[in-house]
Amino acid sequence: MTDLLFAAHDPALLRIWQAANIGIAGAGGLGSNIALSLTRAGIGRLVIADCDIVTLTNLNRQQFFRDQIGMPKVDAIAQNLGRISPNTHLELHYKRIDAGNLDELFGNCDILIEAFDLADQKQMLIETWISLHPDRPVIAVSGVAGYGNNNSLLQYQIGNLYLLGDGHSELIPGISPIAPKVAAIANMQANLCLELLVRIYHEDK
Amino acid sequence: MNTIIVNGNTVDWEDGMTVRSLLQKMNFTFPMLIVKINGTLIRKDEFDHTLIPAGANVAVIHLISGG
Chain X
0 MTDLLFAAHD
10 PALLRIWQAA
20 NIGIAGAGGL
30 GSNIALSLTR
40 AGIGRLVIAD
50 CDIVTLTNLN
60 RQQFFRDQIG
70 MPKVDAIAQN
80 LGRISPNTHL
90 ELHYKRIDAG
100 NLDELFGNCD
110 ILIEAFDLAD
120 QKQMLIETWI
130 SLHPDRPVIA
140 VSGVAGYGNN
150 NSLLQYQIGN
160 LYLLGDGHSE
170 LIPGISPIAP
180 KVAAIANMQA
190 NLCLELLVRI
200 YHEDK
Chain A
0 MNTIIVNGNT
10 VDWEDGMTVR
20 SLLQKMNFTF
30 PMLIVKINGT
40 LIRKDEFDHT
50 LIPAGANVAV
60 IHLISGG
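Order-wise, the sequence lines are chains X and A. Using numbering that gives the first Met the number 0, you'd call the opening residue of the first sequence number 0 and step up by one each time. Using numbering that gives the first Met the number 0, you'd call the opening residue of the second sequence number 0 and step up by one each time.
These are calculated hints, taken from the structure and not from any lab test. Any given hint could turn out to be false.
Claimed, not checked - Partial chain X-side listing against chain A, Cβ under 8 Å, derived:
1. 117
2. 121
3. 122
4. 126
5. 129
6. 155
7. 160
8. 162
9. 168
10. 170
11. 176
The beta carbon of each residue, even a glycine, is placed where N, CA and C say it ideally should be.
Using the sequences and the hints, build the whole thing.
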């Protein structure tokens, strides 16, 4: 049964994406944007984990609204996604992600998308996922600060580790990423996720 | 073969070279690094004692906060 929301989707692609189970680790500037795009694309199941609540300063780049301030980000995302599509099943975890619970949270995901803020968390996720599931892709980000210079946004791959971003821009303490660039990189992650799902589907056939 | 490849560049290999000594030699000082040797991930806590074989293909990526 398919919602008319997807009447203008390619049915062969939609079937692949509806069968997918994608993990999003973090629900901030990257994760909130990734979840929207993957839901619009028709991904069948999203597992989203984050331990933060929405604050006003998040709204300069994250896909939340003023009436959601104080809500857990995972609940605010569920509310927003539900206003777009009932077709993506959501598994939400309002908790901190660490090496000890990563597999319990995301172990049944086809692809894990890293959407953390801090580099040490990114490292933990990449190391843990590659050790546990070397055969499954992880899509991570390094370098989201600033604005402009679209040509600096790159995709780098070693094995099943994909890294997006400019690879060098450092955040200035107290200054957040800026909406267009972090949303662009989040959507590069979502775009790559859709591509990998199609590639994996054809390889498995 | 007394060289290795690091991020596509040829680098002299030394007997007993570890991930840690390579990172120091290359001046890779970022605190958060992903290292793969011939496609295999080397965890951060293994940098000190993991030997790099001659002829290895090494990838070093640094991770920057932000997201």
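Cross-check of the supplied hints:
Taken as an interface hint, residue 117 of chain X checks out: its beta carbon lies about 5 Å from the nearest beta carbon of chain A, inside 8 Å. The restraint placing residue 121 of chain X at the interface with chain A holds, with a minimum CB-CB distance near 5 Å, inside the 8 Å limit. Below 8 Å, beta-carbon pairs count as interface contacts, and residue 122 of chain X has one with chain A at about 5 Å; its hint therefore holds. Checking residue 126 of chain X against chain A by beta carbon gives a least distance of about 5 Å; that is within 8 Å, so the hint holds.
The beta carbon of residue 129 of chain X is positioned within 8 Å of a beta carbon in chain A (closest approach about 5 Å), and the interface hint is therefore held. This hint holds: residue 155 of chain X has a C-beta 7 Å from the nearest C-beta of chain A, less than the 8 Å allowed. With a least beta-carbon distance of about 7 Å to chain A, the hint placing residue 160 of chain X at the interface is held under the 8 Å criterion. Interface hint at residue 162 of chain X: satisfied, since its Cβ lies 6 Å from the closest Cβ of chain A, which is below the 8 Å cut-off.
With 8 Å as the threshold, the beta carbon of residue 168 of chain X comes within range of chain A, its nearest partner Cβ sitting at about 7 Å, so the hint holds. At about 5 Å, the closest approach between the beta carbon of residue 170 of chain X and any beta carbon in chain A falls short of 8 Å, and the interface hint on this residue holds. Among the interface hints, the one on residue 176 of chain X holds; its C-beta lies about 5 Å from the nearest C-beta in chain A, closer than the 8 Å criterion.
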